[in-house]
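Given these sequences and hints, build the entire structure.
So you can see what is in the structure, the chains are spelled out below.
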Amino acid sequence: MSESWQSPVSAGASEDPVFVGVGELPSGRYPQRTFVGDLTIVAGRALQDAGMVPRDIDTIVLIPNLHSFNDQADLIFSRMVEELGLANHAKASFMMHSGGSTSDNGVRVAAGLISSGHAHTVLVLQCERWGSANLAEMVTMLSKNGIPGEWELPTGLQFNAIGALITRRYMHASHSSAADMAAMCVALREWAQLNPHAMYRGKTLTVEQVLASRMVADPLHAMECPMLADGAAAFVMTSAENAKRRGIGATVRIAGSGGCVSHYSIGQERDLAVLGWPVAAERAYAQSGWGPKDAAFGEIYDSYAAVTAIALEGLGLAEAGEGARWFSKHCAPGGQFPCNTNGGLLSAGHTGVGGGTALLIEGVRQLLWRAEAGRQIENCRRCIIGGTGGSYMDAQVLLLERVDAGAGR
Amino acid sequence: MTPQLVATFRQHLKDGELVVQKCGACSRLNMYPRYACPFCQSENLGWEQVSGSGTLHSFTVLRLGAPEGFEGDLPYALAVVKLDEGVQLLGRLLPDADGDWSQYACDQRLRLTPSPAEQMPYRPCAWFKRAG
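Chains as they are written, first to last, in my numbering: chain A, 63 to 471; chain B, 50 to 181.
If you're looking for bench data, these hints aren't it; they were derived computationally from the structure. Built from N, CA and C at the ideal position, the CB exists for glycine as well. If a hint is listed, it holds; no wrong ones were tucked in.
Among the chain B residues that face chain A by a calculated CB cut under 7 Å, a handful are:
1) T109
2) L138
3) C155
Next comes the structure, spelled out in structure tokens:
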């Protein structure tokens, strides 16, 4: 297999795909909000952030929801084209799906369409209504999807158990204590206090509280498990040339990406304390020319703390076995490597497939220097985005960098 | 209707045996059972009974939030088991005499054990317990 991942599009090229705007609605329980309403409003916010109106986009890429197959069908069959007034104008509207890593793959798709000329300006849209859905139905849905029905369904596997299998192996391999894992949740909660869109803003958390909460799936306590939330996010990408023509100032480009799909079934992962991260990181660094020390901050999928700790090690940010302790020491507000600055899935809320989207747009927002005061990482220029989907089937890495207005064009 | 591939695997489990797939062309063992060999793509696939001995890669005890139909099983333990023959699978762990799993730890030796069918509805999956 060829391991050359050189990108044909370089910084400063007219067809270089760039992020120009992001939009988001608060995450949490919002039973009064509606699916199509949220999608319409969040699209408007992202377009406004880019200085655009709906007719400036030609392609809509839809990130799926997990709360309703009927709503899914609305996405697939172009409802948002009609809602946004783009009938007879939009070139394409389609959904793509790889679970929690959809946003990462969505960026690749949008970037590929733009750099190859198949699209000029792409709107990527996401909404999830998990927080307002029937919890028992969602638990059952998550126990049947993404798990091999023939071989693993008969065991009674479900999503917290999958997170627990990874956490147990990670704690064993790294000699991380229960307090080490809980401290990661506490650091994420500190970030949530700075994010007005976070589900757990205004609710503090201590290690003692985490360890005193009910055991759900050993070694995971209730407060180490993600809370299902409503949420919506969107971003706009276009070519560097189009951004320049429109007079858009700073943009964010993709310096490189890497990925590795390491399994489908949790029972077939060779090492639950490693997953696909080392291979994904090596590929991303090879394409970008970056190393782990070149980024100012990270936004790395955290449906369970161990998932992020494993990623930090695979990315070469933390030494092997030190991921959990490194996160608590360096990644909280004020740390040397801010990470999951929106509070992550664990404290901003788990918006299904949107959890990764929220982390992605937080990274772009930080690089555009548009986060709220107190949360904004000053003068940040480079970010590592990490995503994963299904039963942590893949590791996806996007390396993003800020391009200042007029730079290199 | 249960596909033949699945029915065969489950019938062996009912008989107290664990079988894995073996490729008739390249002779490599494979799990989970597939429709073509993932190593050489041959469709000439057969079965081989394995010892049932292996090591515990990871496990969890689910105490809350069972999927539909599993509520009566709580609490129960799930395990990723690496068999000595080099293939792996997800199964259930038998509790100790005290009804809990506190003596289990990663990398312990395991062996296949009969499904405790009299204690709960039959689940077509492999059960393991600590060896020795």
